[in-house]
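S.K.: Sequence:
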Amino acid sequence: MKNVNSILSAGRLRISMTLGVAMTAAALIVGTPAMAGEEIEAAGERRYMDYCATCHGADAKGAGPYATMLTKKPSDLTLLSKNNGGAFPFERVFETIDGRDMIGGAHGSEDMPVWGSAWKGTGVASDAGLRGRVLEMLIYLKSIQQ
Numbered sequence: 313m314k315n316v317n318s319i320l321s322a323g324r325l326r327i328s329m330t331l332g333v334a335m336t337a338a339a340l341i342v343g344t345p346a347m348a349g350e351e352i353e354a355a356g357e358r359r360y361m362d363y364c365a366t367c368h369g370a371d372a373k374g375a376g377p378y379a380t381m382l383t384k385k386p387s388d389l390t391l392l393s394k395n396n397g398g399a400f401p402f403e404r405v406f407e408t409i410d411g412r413d414m415i416g417g418a419h420g421s422e423d424m425p426v427w428g429s430a431w432k433g434t435g436v437a438s439d440a441g442l443r444g445r446v447l448e449m450l451i452y453l454k455s456i457q458q
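Quick note: the sequence shown uses the numbering used here, first residue 313, plus one each step.
It is worth saying that the hints were derived from the structure and are not from the lab.
Just so you know, even glycine gets a beta-carbon here, dropped at the ideal spot from N, CA and C.
Please note that a few of the clues may not be correct.
Unchecked claim - Derived Cβ-Cβ restraints for the label pairs, each shown as a range: (1) A375 <-> A440: 21 to 27 Å; (2) S455 <-> A375: 15 to 21 Å; (3) A440 <-> K384: 27 to 33 Å; (4) M381 <-> M361: 26 to 32 Å; (5) T366 <-> N396: 21 to 27 Å.
Stated by the list, open to error - Each computed BS3-like pair below joins lysine-lysine, with the alpha-carbon atoms no more than 30 Å apart: (6) K454 <-> K385; (7) K394 <-> K384; (8) K384 <-> K373; (9) K454 <-> K394; (10) K454 <-> K373; (11) K384 <-> K454; (12) K385 <-> K373; (13) K373 <-> K394.
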């Protein structure tokens, strides 16, 4: 159990460090932290609309145009924090997006056509570009919580 806990802690630390590096890099490129956050959030929203809105809906409430064709109803992504005791579940959402947590097969395989190669990696999000795309999406999803 000790090894599992240390692995989980290392994973959380890696996600936190990656988020910090991404925000710092964006701030340096854009100019100010506020602008960087807005740019990252906007990029995450664009990715959401391209890859998630078909099932989860443009408003992220789970009623996208493909929702009725799925065996499992898409989640209301605006309630992630509310359903997690008020805290946004960064790690769980990160793992769902990058393919480590397949939530009962609802998102199909890593080769799912809706996602294509945008989210394809080694299953541990080792690619910096993949981590950056996932973090953009996380920042956007956190911003729309009720």
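S.K.: Are the hints correct? Go through all of them and say.
M.R.: For each hint, the structure was consulted:
Roughly 34 Å separates the CB atoms of A375 and A440, a value that falls outside the hinted 21 to 27 Å. A C-beta distance of roughly 20 Å is found between S455 and A375, which places it inside the suggested range of 15 to 21 Å. Taking the beta carbon of each, A440 and K384 are about 32 Å apart, inside 27 to 33 Å as hinted. Restraint check, M381 to M361: a C-beta distance of roughly 19 Å breaks the suggested window 26 to 32 Å.
Under the hint 21 to 27 Å, the C-beta atoms of T366 and N396, about 24 Å apart, fit the expected range. Straight-line distance between C-alpha atoms of K454 and K385 comes to about 21 Å, which keeps the hinted pair within the 30 Å bound. Restraint check for K394 and K384: the C-alpha separation of about 21 Å stays at or below 30 Å, so the hint holds. For the suggested pair K384 and K373, the alpha carbons sit about 14 Å apart, so the restraint of at most 30 Å is met.
For the suggested pair K454 and K394, the alpha carbons sit about 11 Å apart, so the restraint of at most 30 Å is met. Proposed proximity of K454 and K373 is supported: the alpha carbons are some 14 Å apart, at most 30 Å. Taking the CA atoms of K384 and K454, the gap is about 23 Å. The hint holds against a cut of 30 Å. As the CA atoms of K385 and K373 are separated by approximately 11 Å, the hinted pair is consistent with the 30 Å bound.
A C-alpha spacing of about 13 Å is found between K373 and K394, which places the hinted pair at or below 30 Å, so the restraint holds.
Hint compliance for this structure: hints 1 and 4 are not met, and every other hint is.
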